[in-house]
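Chemist: Read off the chains here:
Number of protein chains: 2
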Amino acid sequence: MKLQVTQENLNKALGTVARVANTRNALPILANVLLKTTNNRLSVAATNLDIAITEYCGAKVSEEGSITVPARLMQDFISNLPHGVIELRLEENKLHISTDQYNSVINGVVADDFPVMPAITDGKTWQISGQQLKKGLQQVIFAASNDQTRPVLTGVLLHSVKGMIYLAATDSHRLAEKNLGASEDTYSLLIPATAMQDLLRIIGDLEGDVRITSDDQQVLFQAGDVELVARLIDANYPDYRRLIPESFQVVATVKRTDLVNVTKVSSLFARESAGSITMNIDEQAQTISVRSVASQLGENTSNATGKVTGSGSITLNSRYLLDALQVMNGDEVSFCFNGKLEAAVVRDPKADDYVHIIMPLKS
Amino acid sequence: MKLQVTQENLNKALGTVARVANTRNALPILANVLLKTTNNRLSVAATNLDIAITEYCGAKVSEEGSITVPARLMQDFISNLPHGVIELRLEENKLHISTDQYNSVINGVVADDFPVMPAITDGKTWQISGQQLKKGLQQVIFAASNDQTRPVLTGVLLHSVKGMIYLAATDSHRLAEKNLGASEDTYSLLIPATAMQDLLRIIGDLEGDVRITSDDQQVLFQAGDVELVARLIDANYPDYRRLIPESFQVVATVKRTDLVNVTKVSSLFARESAGSITMNIDEQAQTISVRSVASQLGENTSNATGKVTGSGSITLNSRYLLDALQVMNGDEVSFCFNGKLEAAVVRDPKADDYVHIIMPLKS
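Taken in order, these protein sequences are the chains called R and A. Numbering of the first sequence is given in the numbering used here, commencing with residue 389 and proceeding in unit increments. Numbering of the second sequence is given in the numbering used here, commencing with residue 389 and proceeding in unit increments.
Please keep in mind that the hints were generated in silico from the structure rather than gathered at the bench. Computed from a prediction, not measured in an experiment: that's the story for all the values here. Warning: the hint list may mix true and false statements.
Copies of the same chain look alike in the list, so a pair counts if it fits in one copy or across any two.
What the hints assert, rightly or not - In the DSS-like style, the derived pairs of lysine-lysine whose C-alpha atoms are separated by at most 30 Å in a straight line are:
1) Lys390 - Lys512
2) Lys400 - Lys424
3) Lys643 - Lys400
Could you build all of it, start to finish, from the sequences and the hints given here?
Modeler: See below:
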């Protein structure tokens, strides 16, 4: 292998893939990145067996070849080199990296041992605007669970229902669903939320579409020069749509920033009660007041005024409410519920493509 | 106690003092801040018994008084309130905090139990430009030791020698000294580096002088509306000035950014050898080349060209060299030494108010 590549391109590719490589894995080669010449391009790839990410960058290849080198060292090294042309040259599994000022040798491991995710065959392919997918993912991904003992809830569901595409995630305490628009295809992909975090990073400022190809086992996302392959979670997702209430006895619509601020201040007094705050909605006063009590430290009541129908109170986890409010865009937000034992819903009164459900705490 | 204060002022004062308060201390009240009306101002203070910081802020006091409240809760709470006037009112050790929208009660502890550092009596006072002191501290403070088993090296020495004021710090592997200019007074204060970190933060963008008052036991820094009192370290500082070499056989003067870059790149290959890099200075080629070898990973040689007198090589810790280079200002830097077993010196060829010494490693 012998080639020239710019520091800018190689650094970008390593930045995209290297964090998937992991030194804590049982298989030492998974701490490496795979460098491989492909059709006069250099592909840079890393995998943790669940996810594989590959970025292709332009290169001037004079000898084909491949090698794997430690991801962290390679990334740190290349990122510290000055902009300009870098020569990569392989001699007996030693990768020689040269510029005018720098001469380095990094010991590699032959590429034959690097695990490759199986190819997707007979998959179907469709595409969606990258920025639309990114926005949707940001609005649901945090609602997925981290609890590996219930793998089904650690996924983000990307599926079609009655001609619409939806993203959904839930950890059983809260649930987020985003409508991504109409689609003619039908599918249901349960993708690990961690893979979707990587996809968010990869989409970045991408203009244009992301191509999605899937079979029963895997899904491939292609965004610009980057490919991400993830294993699907093999489980039946709960029928969450029947949990979304359709009408409400109490609806308070307030400025979103007001509700963020009063919730944030109240949450400070809710640390010892696992974030528990009580929302009191008063139709007569047209207010939402948020109350929290810390037996040792003190207590707080904060008020926001708005447009209120119905009165009542409900106790919930302030962190879940803040998480939801912070991914919404509108100036106003509607906080809706039916009774203190039923799920509360947060939504934008002017946009019905996003719904967020929070289960109440016992009070 | 009853008073009005702006959120901006109270938030700034809490930001200055609260990080000294510590919940991990054996004395629970040290996790609190002391609020106290003083001459129509509100003083906000915290201490860890080694350091005490007090900030005074303008307030409209209608009833004098004092109380202590949990520092972290108070700071988080006030920082989340909107700008504008806040009312503080004390009722039976409960601090009521109110704005238009927010009503909170924080349970306090009477101020009588709050430990106060003894006053400095018979101390002498002098002053120095705040920005000059800050710049000097930034150039020496990182050379102080963290090793609490040798308290003398955990301090920064502020002393006068032959009519000049110097700041100095050393951890025995490296030594930094800054000349702060002429002074008529004579003194020698060994101040904990941790207190100087707080002072750096307090000086911030302060225009004008810092007043320094000291006796045998303590030192008081007054910077704007903030006072910091620190206990002095009771130990004899080593006679470090005799370690500074006065002439050199090998001197290489190069662009500072070049030396930073080649050292940084080399340090990546020096992780398994505790940062060990070898500097080779070649008079004929007029180069500094930096070499590092990692038995498993590979090796690197990086070059910088400059103006070189004498040839030789020396092995040292790349982190120490980077630390020194990063607090210097000039475009150029001189790297000087006499032999591979003697201290190397890093200095600005155009400024003689700063000198940095690095002890060699055995190679």
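Chemist: Each hint needs a verdict: does it hold in this structure or not?
Modeler: Structure-based check of each hint:
1. Lys390 - Lys512: neither (37 Å within a copy, 70 Å between copies)
2. Lys400 - Lys424: within (16 Å within a copy, 55 Å between copies)
3. Lys643 - Lys400: For Lys643 and Lys400, the Cα distance is within 30 Å only across copies (27 Å; inside one copy 40 Å).
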